[in-house]
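With the hints as a guide, dock the two chains, each given alone in a separate frame, to form the complex.
Each chain, letter by letter, is given below.
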Amino acid sequence: MSDLTRLSAAALSELITTKEVSAVEVATAHLDRISAVDERVHAFLHVDREGALDAARRVDAGEITGPLAGVPIAVKDVVTTKGVPTTAASKILEGWKPPYDATIVERLKAAGMPILGKTNMDEFAMGSSTEYSAYGPTNNPWDLGRIPGGSGGGSAAALAAYEAPLAIGTDTGGSIRQPGAVTGTVGAKPTYGGTSRYGLIAFSSSLDTPGPCARTVEDTALLHAVIAGHDPRDSTSIAQPVPDVVAAARLGLQGDLTGVKLGLVKEFAGDGSEPGVQAAFRESLDALVKLGAEIVEVSCPHFQYALPAYYLIAPSECSSNLARFDGVRYGLRSGDDGSRSLEEVMSLTRDEGFGPEVKRRIILGTYALSSGYYDAYYGQAQKVRTLITRDFQAAFEKVDVLVSPTTPFVAFPFGSRTSDPYQMYLADLFTIPTNLYGGPAISVPCGLSEGLPVGFQIMAPTMADDRMYRVAGALESAVGTFTPPAL
Amino acid sequence: MAAISREEVAHLARLSRLAVTEEELDRFAGQLDVILQSVARVGEVAAEDIPPTSHSVPLTNVYREDVPTPSLTQDAALSGAPDAYEGRFRVPRILDEEE
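The listed protein sequences correspond, in order, to chains A and B.
So the first sequence is residues 340 to 826, counted in the working numbering.
So the second sequence is residues 264 to 362, counted in the working numbering.
Hint data in this document are derived by calculation from the structure and do not stem from the laboratory.
In this text, a Cβ means the ideal position worked out from N, Cα and C, and glycines have one as well.
Just so you know, not all the hints are guaranteed correct.
Unchecked claim - Chain A is nowhere near these chain B residues, computed Cβ spacing over 10 Å in every case:
id, residue
1, 271
2, 287
3, 289
4, 348
5, 350
As the list claims (entries may be wrong) - Calculated lysine to any residue pairs in the SDA-like style (CA-CA distance at most 20 Å, straight line):
id, chain 1, residue 1, chain 2, residue 2
6, A, 358, A, 396
7, A, 436, B, 343
8, A, 436, B, 268
9, A, 421, B, 336
10, A, 600, A, 729
11, A, 358, A, 393
12, A, 436, B, 297
13, A, 698, B, 297
14, A, 421, B, 345
15, A, 698, B, 271
16, A, 698, B, 268
17, A, 421, A, 388
18, A, 421, B, 333
19, A, 421, A, 434
For reference, chain B alone in the conformation it holds in the complex (with noise of 0.2 Å):
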């Protein structure tokens, strides 16, 4: 049985923000499923116990001094952007014409 459908992968791509094609769908829905039967394996380990690791180094509320230091300009800033417009970044409407 498959892990994961076409139908499922193309719902995560919108999800994801990538308008991927028909055929990119049809090819990464076999290797998604190749590689998510795979990693399932972690599902093997009886962990029920074990707190997770998000990281390596235990560090938590890592603080500095609270000291001003210069940052980007506004040019420096907007300087790799597509699009800038009176000092900001200039973005495709965002709301649909009826709203």
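Next up, chain A with everything else stripped away, as it sits in the complex (with noise of 0.2 Å):
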């Protein structure tokens, strides 16, 4: 049998029906590569062997079957995992096992897709690099020394190492893209309601969105369709069909693309992104043009506003949500030696626990709610939104889809931006319009740069994420898939 981490899941998928291949086979394939290279990846905050080799066993005993059953899957450690530990790559949550699964979790297993381990992120989905998790950084397969994009940074690195086949992301201002762009993999963020956030660990909670990342276009849309769908436990979930997002992939990847309008934002050109990133973008654009697309420039004139609006309106909502982290219900405690009051112990708990980046957006975000700032911040930032929404809606009147480099530079070596915060933020300058929008968007990768990764990315409307899917699968097939230098 050939290397099984080298496959796709639709081909593990193929096999293990067929028989060809166990479950346990694949299952163990994968642990073994962990226990390979993950001493220099870093890729995992906690490997569950004895979780993904029952959960494969079931498979082959044929309890569970279905397009994904038995085909093993990385979860970003801000998603709960029952009796796993859950950290969001905190200190704050060192150890915590929680008492209950979150919705996506459920669907994995009830697909019956053996659960590998939980991947590194910077802390809290903060960051844009994983250099600001608490456990030490993930390292980008393409060059080590490089970072693997953040915040989902472990979960894309996995998959570019061949230690998965699949990967849970979550979204805010584009933690399953970024990563997925550095390092050359594919990352979908959907339509927000499309996927439940029951059990995420909350950064900002309307903005969060939990996705697929895979090393195929086609892969991540079978596991898109496998976590998305209503959720009654998420009162904003979208209680709609999912769009059939195989079947557009699957058209897509027959290359043709006559009739379909690709939008560029006008605004977006001289952005900063380096010359190498345009240069695959544009090489890329010339590419769908020669399968059928016509391109459409379109002007979104409040996008230059989003970057400042996210980072009011993200730290505002995080500053609320992290309040539950008291030092009484879950995780550390610090200081409690019988002198201290709550305010006091909780204080410390909360100073120990949080790295620099979390109190940097608590301080910030409870700034911008503060009677006296909350109008010319919080409440301006929300009225930006809507002119950002208004911008998509009108573009989507012209064309199918918005198309961009995914971020402005390949993958940086680390230390070159943690020391200017600000600087990192730009990582994300043209993903979070999408967020605030609240349409679905993806990444995929479609050139390399001096031998580093670049990753495109197409915008649609919400609930249209089968559309997006579609130019995606067509770009891979004109472009085809990178592979990185062997570990």
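Structure (structure tokens):
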């Protein structure tokens, strides 16, 4: 048998269904790969060998069948897994074992997908490099001295290092798509409300969206179909049928985009993207035109205010959401020596348990929500959010999807953006508008710049996730997939 | 001119229940000043008559059937607590001694 870890989820599923290999063999191959390379990659915070093998045995026993039964998966550590440590890469939750599964985890289990373990990330999903993980960064398999993106760098690196064929991410401002871009993997942010947030450790509730990560567009769509759909336990979940993303991806892979209009956002030009990123993006556009697509320039005048609006809205929501970490119900308690009050213990616990980026955002959000500043900051940012949404709606009157590079720069070396937090925020320049609007978007590898992967972003209207998968499939059919150097 | 002072950051940290150190205050004050000056650009947008968006899904009053379902047991709910006593979360004193 050739190396099982190199195969797509679709290929693995085929082998398992026809009983050419067992689910236990597939899980074991990936667990062994993790043992062999993860010391260097550090994609995982916790590996659940026994749990994964148990799930695989149930598939082999014929207890569970289905399109991805037996295909293993890695789950970002911000998603709760019953009885399996879940820390959101924070010291404040070190050792916490949730008493319940997130809805998307329940769906993975029901689909017979063995969960290999929990992946590294920026603490509470705040960051673009995994350098803000309390447990040390993840290294990019393309160059171990560079960042794997963030916040979901662990999930993306696990795919690029062939430690898992599929992974779960969460995307609040680009945390699925930017790691996908810089690791040469695919990552999709579904329509907000299209995937359940129940069991996600909340960062910014009006933006957080869980979604699929994989090495191919078809695999991403297959996973999307497993996790998406209405959940009564998430009141913002959309009670509508999930678009047929798998059929759309397969249609796209046939390589015909005749009649499809791709919108190029005028305001994204001259945005400071690296020349190599621009070049790979332009070449991919040409390839899509050869498949029949038409390029239309559109204006989205308020996109330039998306980053400032996001960095008011997300910290405001985070300052409220992270109030739950009070040293009472779960996680760390610090300084409780009998002499201190609840408030003192709470303040010491939070200062010890949270890392610097989390504290900055809590303080920033507390400021933006303060009386006297609320109207100028949080209130104004919410109005700008309306204008950005209207920009998207007007653009989608003219075009089917919007396209851009996923992130302005390829994987950067560790330490190059941590001293100036705002430089880190710029990694999300092109991904953030979609989060404010709520629509779906996907990043697909489209080329290399100086040997490092470049991502191509496709943004679609809300609940038209299938549309972005069609274009994504077509792009993959034209440019192929990208394999990192051997580890 | 600084958008935010060290004293303001110290006050916000207290409101946020973060017992930050002097060194953290020094660092955060400068960094937050840079961030605030950048995000203050939202003020350039003329948006007086624009309704705010708190949420991208226009849903209000989401109801479900009022059917009892099992919830976490007391043991499960307390399983992650730093300190528990007789089935409840145990906390440090909440009043000062003179109160």
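Hints versus structure:
With a least CB separation of 8 Å from chain A, residue 271 of chain B falls inside the 10 Å interface cut-off, contrary to its annotation. Chain A draws residue 287 of chain B into its interface by the beta-carbon criterion, the shortest separation being 7 Å against a cut-off of 10 Å. With a cut of 10 Å on Cβ distances, residue 289 of chain B stays outside the contact zone with chain A, its closest approach being about 12 Å. Residue placement check: residue 348 of chain B keeps its beta carbon more than 10 Å from all beta carbons of chain A (closest about 12 Å).
Consistency note on residue 350 of chain B: stated as away from chain A, and its beta-carbon is indeed over 10 Å from all of that chain's, at 14 Å minimum. Between residue 358 of chain A and residue 396 of chain A the alpha-carbon distance is near 13 Å, which keeps this suggested pair within the 20 Å criterion. This hinted pair checks out: residue 436 of chain A and residue 343 of chain B have alpha carbons roughly 7 Å apart, not beyond 20 Å. At roughly 40 Å between alpha-carbon atoms, residue 436 of chain A and residue 268 of chain B are farther apart than 20 Å, so this suggested pair is violated.
Of the supplied pair hints, the one linking residue 421 of chain A and residue 336 of chain B holds, its CA atoms being roughly 14 Å apart against a limit of 20 Å. For the hint pairing residue 600 of chain A with residue 729 of chain A, the CA-to-CA distance comes to about 19 Å; that is within 20 Å, so the pair holds. Pair hint residue 358 of chain A plus residue 393 of chain A holds up; C-alpha atoms about 18 Å apart against a cutoff of 20 Å. At roughly 38 Å between alpha-carbon atoms, residue 436 of chain A and residue 297 of chain B are farther apart than 20 Å, so this suggested pair is violated.
A threshold of 20 Å between alpha carbons decides the hint, and for residue 698 of chain A with residue 297 of chain B the separation of about 16 Å falls inside it, so the pair holds. At roughly 18 Å between alpha-carbon atoms, residue 421 of chain A and residue 345 of chain B fall within 20 Å of each other, so this suggested pair holds. About 15 Å separates the Cα atoms of residue 698 of chain A and residue 271 of chain B, which keeps this hinted pair within 20 Å; it holds. A C-alpha spacing of about 16 Å is found between residue 698 of chain A and residue 268 of chain B, which places the hinted pair at or below 20 Å, so the restraint holds.
At roughly 15 Å between alpha-carbon atoms, residue 421 of chain A and residue 388 of chain A fall within 20 Å of each other, so this suggested pair holds. For a cut-off of 20 Å, the pair hint linking residue 421 of chain A to residue 333 of chain B stands: about 16 Å separates their Cα positions. About 13 Å separates the Cα atoms of residue 421 of chain A and residue 434 of chain A, which keeps this hinted pair within 20 Å; it holds.
In terms of the numbered hints stated before, the structure departs from hints 1, 2, 8, 12, listed from lowest to highest.
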